[in-house]
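Chains A and B, in that order, are what the protein sequence lines are. Taking full-length UniProt numbering, the leading residue of the first sequence gets 1, the next gets one more, and so forth. Taking full-length UniProt numbering, the leading residue of the second sequence gets 1, the next gets one more, and so forth.
For the record, the hints were derived by calculation from the structure and aren't laboratory data. Treat the hints loosely; a few may be bogus.
Stretch-level coverage of chain B by chain A, calculated; a stretch enters the list once three of its residues show a Cβ under 8 Å from a Cβ in chain A [claimed, not checked]: (1) 76 to 89; (2) 136 to 145.
Taking lysine-lysine pairs in the DSBU-like style, the calculated list, with each CA pair at most 30 Å apart, reads [unchecked claim]: (3) B:K87 <-> A:K135; (4) B:K87 <-> A:K256; (5) A:K138 <-> B:K87; (6) B:K167 <-> A:K14; (7) B:K167 <-> A:K138; (8) B:K167 <-> A:K135; (9) B:K87 <-> B:K167.
Even glycine gets a Cβ: it sits at the ideal position worked out from N, Cα and C.
Single-letter residue listing:
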Amino acid sequence: MADTAITVEEARKKYGGKAGGYALDGLDLTVARGTVHGVLGPNGAGKTTLVRILATLLRPDSGRVEVAGHDVVRQAYEVRLRIGLLGQHAAVDEELGGHQNLEMFGRLHHLGARHARVRADELLERFGLGDTGRKPVKQYSGGMRRRLDLAASLITDPEVLFLDEPTTGLDPRGRTEVWSAVRSLVGGGTTVLLTTQYLEEADQLADRISVVDAGRVIADGTADQLKALTGGDRIDVVLRDAGQLGAAVALLPVPKDDVCVDPDRRLLSAPVTDRMAALSGVVRALEEAGIEAEDIALRRPTLDEVFLHLTGDDHRVKEPA
Amino acid sequence: MSAHTYALTDSWTMTRRELAHWARQPVQVVVNLLFPVMLLLMFGYLIGGGRGVQGSYIDYVLPGMLALTMAFGLEGTMIAVTQDLNKGVVDRFRSMPMANGAVLVGRSAADMLQSALAVFVLMGVGYALGWRADGGPGAFLGAVGLLLLFRFAMLWIGIHLALVAGKPEMVQAVQILVWPIGFLSNALALPGTMPGWLGTVVEWNPMSHTATAVRDLFGGTGTEHVPAAIVWPLALLAVFFPLAVRRFARLSR
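So here's chain B without its partners, still in its complex pose (with noise of 0.2 Å):
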């Protein structure tokens, strides 16, 4: 017997804990649902008005905007781990006959429930405000796969971040960093708008792939940029998911 007899029973009971810490701490999680649906109205009406958009900008900025919160989401998992770690709680976990995976598993399950919500929520305030989705089902469920799977990238880089750095000062350079990075995607504004290096590098981030791919499903004109959209987090996951592991399990170094 060993501790891997476990893993799913431990995984589980971990999750119940960030449950746990919803319940405790009901108004954190509201305003956590509800900071993205204020960008949405900052950007969809104060300063909206769509840099260069053809038709309505909010067809536009909220596939943006659930692409930005599922990169957002990368700094909430770096703070919850470098909590966790700095509080001695997880060296409990580490000296107990548990699989010590389970800690990693319980964050991330508890993560992409929140960002699902998120997704929702966000969608929801959007067709109050007459986004449509035309693409049908399929297209509806495949957009919805596309955001979470990029949150699920951004969730281990979160992850290996916290490990690598492990202290809370990191964390605020790294929620500072996510800003430019976050915006300097498609997600608000069309790169066509933008100085010609800028637009360059707006295409290429991972990112925008998510949100154009996002875009044309929703809208149904198209598929061109689901493969990038699946390609980028898979490679970023392909990286990230081995060094956070590796990361965790050398913590007894």
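Pulled out of the complex, with its shape left as it was, chain A reads as follows (with noise of 0.2 Å):
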């Protein structure tokens, strides 16, 4: 299918090859031409496994994996012609200096010497990296390491673009760096599969999102719908006294198992479904119990809220103290 870039139908593979778990347990997963894809996952949770296959680096078990209209097993070098990768951990020539990286990639990727020069500097121009070409790359910064990086999966202007993890391990501004040049990217007609374990980036850069948990897809679809998937709105009440959270939980309208209680910030977190309802009956609640309360809002619920009650641990209510 022209307007797929990614199917995923079952796929399964071992932990390292030996009996025991499933890194993928039959997952599936579809990508449409010039999306971007987030894959949300906590670690462990088979991201960095699926982006290996898709990348050729791993052969599935099992299963249908194709990539561009190439099967990964039986076609990896037709795939190869068409993907570029940023894996976790830089994948550049430390010893090198970037403009050396870059041109030996280009070299890799059968430019020719004169264009993989040229494509180079356009790259590292692109990329901010433009005055830094001659310096080894162990002497970047993490955020330059991983926008050369980005650069050197960008030699052939790829069909499809994996991500794994862009920005885990960059503080704030490399994060915003690798951030803007993704975003940078869309547009251009490129598919980027991009996992994460922050729900803010996926929230942020992907066109749909698929949670994954233990090797498998768990849910799928927008932002919204995700956010829709637990039950719409919630209500926060923060109140004046954190002695009386625990009297304030039986005065909301659902089951004391859905109340998410954090004594800290003194706040109490529940979903509702009618919100009006739902904010009158608590605030008159509250009047009549005498209980104080600092803050109401209702709100959408955040991707970690989503996140967590699909995985099933969202009962972590905390007594109070």
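Got two chains here, separate frames each, mind docking them using the hints?
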């Protein structure tokens, strides 16, 4: 199908080839051409295994995996012509300079010596590394190294680009640098598959998000659709006195188990269905019980809450002390 | 069209990469070349005196030191491959439409070049110390060829060990083990001077055959050890070359 850049059907992969658990346990995924797809999950969910299989670095034990219309096992060379990979660890030669790296990768993409040099100049310029091209990469900052890594993945304007936790380990500034670099790619027609542990990152960059846990996709959709999955809006109540949190939980119009309590912030949070009725009901109930609130607000759920809800870890009600 | 079309250009690109490393770290290159020279001087003058050797000890120890240098090359290869694997740059190579073997070919070419340089530096120093090759040009080239053949076998053992072990900790273990294996040879002393069982082990060490054959070729004193000095490295290659190539291809398992 011409509209599909990535197809994964029932992909399975055992950990390290040994008996035991599956890193991918029947994972399905479809990514439309020209979109940014976020793969969201905790450590060990199988995100890196998925990217390594898509980038032809690992073979799936079973299942069908196609990238840019080619099978990753049987047509690995065809796939490699069309992909770029930004792995978790900088995949550049630390001893060499930025320009030397890009020229080398250009030659290995068979651009020819002269074209490889020109392309290296272009990319260094584009990623704001123009004046650091001679320095060995080991002297680069974390953000610069990632940008060079990203430049190396874009030597041939790949059809499909894989970004495996592109901002893990970066400081906020490095993260912003990488985000803006990724945004600049979108619109150029490149399909991007991005894995992340940061819900904010998926929310910021991705058109669609697949939530992955224990080697399978447990939810799939736009950020808004995923947020709607947790049952819509939430009400947040901040009390003046943390000692009254326990009493206040009983006043909310939901089962006790659905209420999240954060004693440090003196905060109660609960899903609601009828926004207005819930708001006025809570205000009245608190008043009648003589519990003083500092703040009461209705809001959309965060992706963090969606994720915890989907992975079944959302009943972390902390009992007030 | 496939990746094979570019096997040669890709191998050359990978070799250039290694040479660029040399240019970036000239001190490292010089240190690597001087290390065997230091060993030669240590054994030739400090500890030397020749364990049961008739005639000039330098004529005995220089070929031994050449063979030892080739054997120690194993750890250099293993370190380089391990570092590449652990830094993720090999992942980028493997995700590119290049001839995959080029990574290993580039490694081999650079290591062989480094070893050839080491051989000539060591021979230069030996010459200054009074060592002479009296066997004629043919025998001289033959001796150099045997040394490099032995190094080539060590190279593929190094690549294989790096691919199997894959961790920097394992490199240390091999670094330590290479010493007794290197010295359990006739490189520096005659097996006759050792306890009987040890002498037997030493005579079986493939490196001893290379050292003896090279010694004989330089001295013009015969070729009886040459077949063993050819067969042993070839046998090691026959085992470790396919193992290493297979292991590299199986990184995707």
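Hint by hint, here is what the structure shows:
no. : hint              : result
1   : 76 to 89          : holds (count 3)
2   : 136 to 145        : violated (count 0)
3   : B:K87 <-> A:K135  : holds, 18 Å
4   : B:K87 <-> A:K256  : violated, 50 Å
5   : A:K138 <-> B:K87  : holds, 12 Å
6   : B:K167 <-> A:K14  : holds, 21 Å
7   : B:K167 <-> A:K138 : holds, 20 Å
8   : B:K167 <-> A:K135 : holds, 28 Å
9   : B:K87 <-> B:K167  : holds, 11 Å
Hint check: violations occur at hints 2 and 4; the rest are consistent with the structure.
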